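Start from chain A and add chain B according to the hints.
Protein chains: 2
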Amino acid sequence: MNLKELDLKYIWHPCTQMSDHEFLPLIPIKKAKGVYLYDFDEKSYIDCISSWWVNIFGHCNEYINEKIKDQLQNLEHVILAGFSHEPIIKLSQRLCKLLPFDKCFFADNGSSAIEVALKMSFQYHLNNGSKKDKFLSLSNSYHGETLGALSVGDVALYKKTYEPLLLKSITTPVPTSKDYTKELEILESILKNHHHEICAFILEPLLQCAGNMHMYELGYLNEAVKLAKSYGAQVVFDEIATGFGRTGEMFALDYCSQSIDYICLSKAITGGYLPLSVVLTKDEIYEKFYDSYESQKAFLHSHSYTGNALACAAANATLDIFEKENIIAKNKIKSAFIKTQWESLKEFDFLGNFRNLGMVSAFDIQKSKYQRAGLEVFQRALEKGLLLRPLGNTIYFMPPYVINEDEIAYVVESLREIFKDF
Amino acid sequence: MNLKELDLKYIWHPCTQMSDHEFLPLIPIKKAKGVYLYDFDEKSYIDCISSWWVNIFGHCNEYINEKIKDQLQNLEHVILAGFSHEPIIKLSQRLCKLLPFDKCFFADNGSSAIEVALKMSFQYHLNNGSKKDKFLSLSNSYHGETLGALSVGDVALYKKTYEPLLLKSITTPVPTSKDYTKELEILESILKNHHHEICAFILEPLLQCAGNMHMYELGYLNEAVKLAKSYGAQVVFDEIATGFGRTGEMFALDYCSQSIDYICLSKAITGGYLPLSVVLTKDEIYEKFYDSYESQKAFLHSHSYTGNALACAAANATLDIFEKENIIAKNKIKSAFIKTQWESLKEFDFLGNFRNLGMVSAFDIQKSKYQRAGLEVFQRALEKGLLLRPLGNTIYFMPPYVINEDEIAYVVESLREIFKDF
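Chain order of the listed sequences is A and B. For the first sequence, my numbering assigns the number 1 to the initial residue and increments by one for each residue that follows. For the second sequence, my numbering assigns the number 1 to the initial residue and increments by one for each residue that follows.
Keep in mind the hints are simulated off the structure, nothing from the lab. Model, not experiment: these values are computed from the prediction. Worth double-checking, as some hints may not be accurate.
Since the list gives no way to pick one copy over another, a pair counts as held whenever it fits inside one copy or between any two copies.
With a straight-line Cα cutoff of 20 Å, these simulated EDC-like cross-link-like pairs (lysine to aspartate or glutamate) come out [said to hold, decoys possible]: (1) LYS134 <-> GLU163; (2) LYS339 <-> GLU66; (3) LYS31 <-> GLU66; (4) LYS168 <-> ASP133.
For reference, chain A alone in the conformation it holds in the complex (with noise of 0.2 Å):
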């Protein structure tokens, strides 16, 4: 058997309907270097996605290589409890430079750092001697697909199957257009009559990625996350896929002018190697747990490789790009580049809702003869070289920073072909 058939005869993917392989092509990939990938026959693709919203300084990037190499050397893990590493305190100090908070919660995954936020708020207000068990996010919300993450989400491609095993949680809607005036009401309605059972509003600031690349106001952001501490719920930023200067800004939580209590943070983490989540807070929440053992206030969760060794290299890698290659403001005029080229796709007539922001560009495929259009634009990219993986009918392109001008207008080229031909 070939590499594709053992891996459809052993391997279950990931958000994927596996009948789908019967005419979809299934890729392994042997290598990869910078934004493109390479597969057994030397066909290689442009990472439009940067691998599900991960790789960021491309891949196999030599500097992160070099220094996961040498931490190799010295230290692959360390149980964090009672025990620590260098790494993981430079991580931690460096995140906590870079953000407004003060401690360091780590686990693995984003779906694991959503439940610890959501954990810790509700024990926050526990220790704090009020009974809490609600939280509220936006509607259009995608927050991760572990039971507790899933419960504050609200796309129902994810959700809807499950319910009965969820949470009961409570959803306001996202801004859908520059005026949020009803959005804005709705939302004081809601804590007006749920502040007493609410622990924390959990939200994607200005961009929800699984939701379609659903971008909203800052305003908007702005006003609900004041309304929201003004009816004593926590606030908890989900900045696993806006992060790391994704939005354009180093974090989205930089745009906005209120103070919020929790942040949670993954995927370009480690410049798209290795998976590390953490939650950022401040020390009046930390201090709430902190107390005498019996008092049973510790915050206890834990995941065994929780602030590995070798994911907070490839971190302080990352953070290292950043601050030597003055990445953000690079970005800004790369951002500018594709957003230019982006634009000129609006000769097609049926595409629409045209949205840029930072390092993420969408459009929506509102007319077409294909029941599942998205799909029929990911087939075709892959014949051009382009891994564009839609998210239903939005098609969107979240590249890598490293991309560059020839490769960017190369994509938006043949994004024009294809549709040429739709």
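Positioned in the frame of chain A, the structure of chain B alone reads:
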């Protein structure tokens, strides 16, 4: 500030009442090799608990290091939806040859693997036309700390605080002696009354690690699995801690005469290097999800780093070592040596409930003048250069398999000295 001060300033450690570090050391580790961890004063510690039960072939193992370095040259990570890579295909094929399963579904940490198994079992019944939404698990069990995984656990320390956020699940008593008649009766009565709503029976076979290293009879395991299946419940083995040789065989399932539906693996799968987890299941289950896209029967669960290539390379290297060095056979000799050594501590009449299974040994401190006797042992063991991390008053020894007889003897002799002075 020194590293320890920086650590305590920026890091909130897992599974820790942070105020304990007012008197308890927090030890940054500089490097590690084999069973030894070295701090920044060059003091060494034998890692008697395999850094939370993950490390099996020693820290900074040269063979695993080389395989990760090789992988870094080719591919660090690629999205696993629609794409794949050789290390994960090989790994999946090898796991399906080692175990009586057909398909591998990957995730990052143990908790996430449990969430996958719960969601998959729930949806299996749904796709099969029956609505069941409860899970059955053993008393004293631990399956992780995301909300779904925590719901099927029973260790109060981790669970009690978060009860209002958890799924209601059903618990059946784990046997506590060689006679398990009563436990089987209770199980049967639960199944009789609740079989219409029970998706699956989830259990840690033979050994409940976080449940104070409680060991129970194989006879119960076989009968309980048989009973559950006869009432239409699927069976999930959580071998996150027990897998990869820990119980003496490659998997605890190897001892079991019954067939099961899902096995969850993590921890030692990468030799203790990187977070990776997998749920294995059978084609007859996979086929219940295999349908047209429109049927909405697909299993939609994903984590960005699912099937990470570096972690899979570490996992393949780990399986190589098992094969090439005939580890399971060698461990049987080592395990017998540990048992003899361990039982020499029976000389202390305040120690009891001595138990061994494969590469796990434990006893309980049954009387002590210390309020937190386990913590007292932890501190004194550190002084003697041992990382032992008791579970309450249970002292256990769960070393990397590369530990040698001299090192084992040193651990036991150190414990003897500690207890002489207790």
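Worksheet item: Given a CA cutoff of 20 Å, do LYS168 and ASP133 count as a within-copy pair, a between-copy pair, both, or neither?
Response: For LYS168 and ASP133, both the intra-copy (9 Å) and inter-copy (15 Å) Cα distances are at most 20 Å.
Fill in: Homomeric proximity label, LYS339 with GLU66: Cα distance no greater than 20 Å
neither (34 Å within a copy, 43 Å between copies)
Fill in: LYS134 and GLU163: within-copy, between-copy, both or neither at 20 Å Cα
Intra 16 Å, inter 13 Å, cutoff 20 Å: intra and inter.
Worksheet entry | Intra/inter-copy verdict for LYS31 and GLU66 if alpha-carbon distance must be at most 20 Å | both (17 Å within a copy, 17 Å between copies)
Taken one by one, the earlier hints fail for this structure only at number 2.
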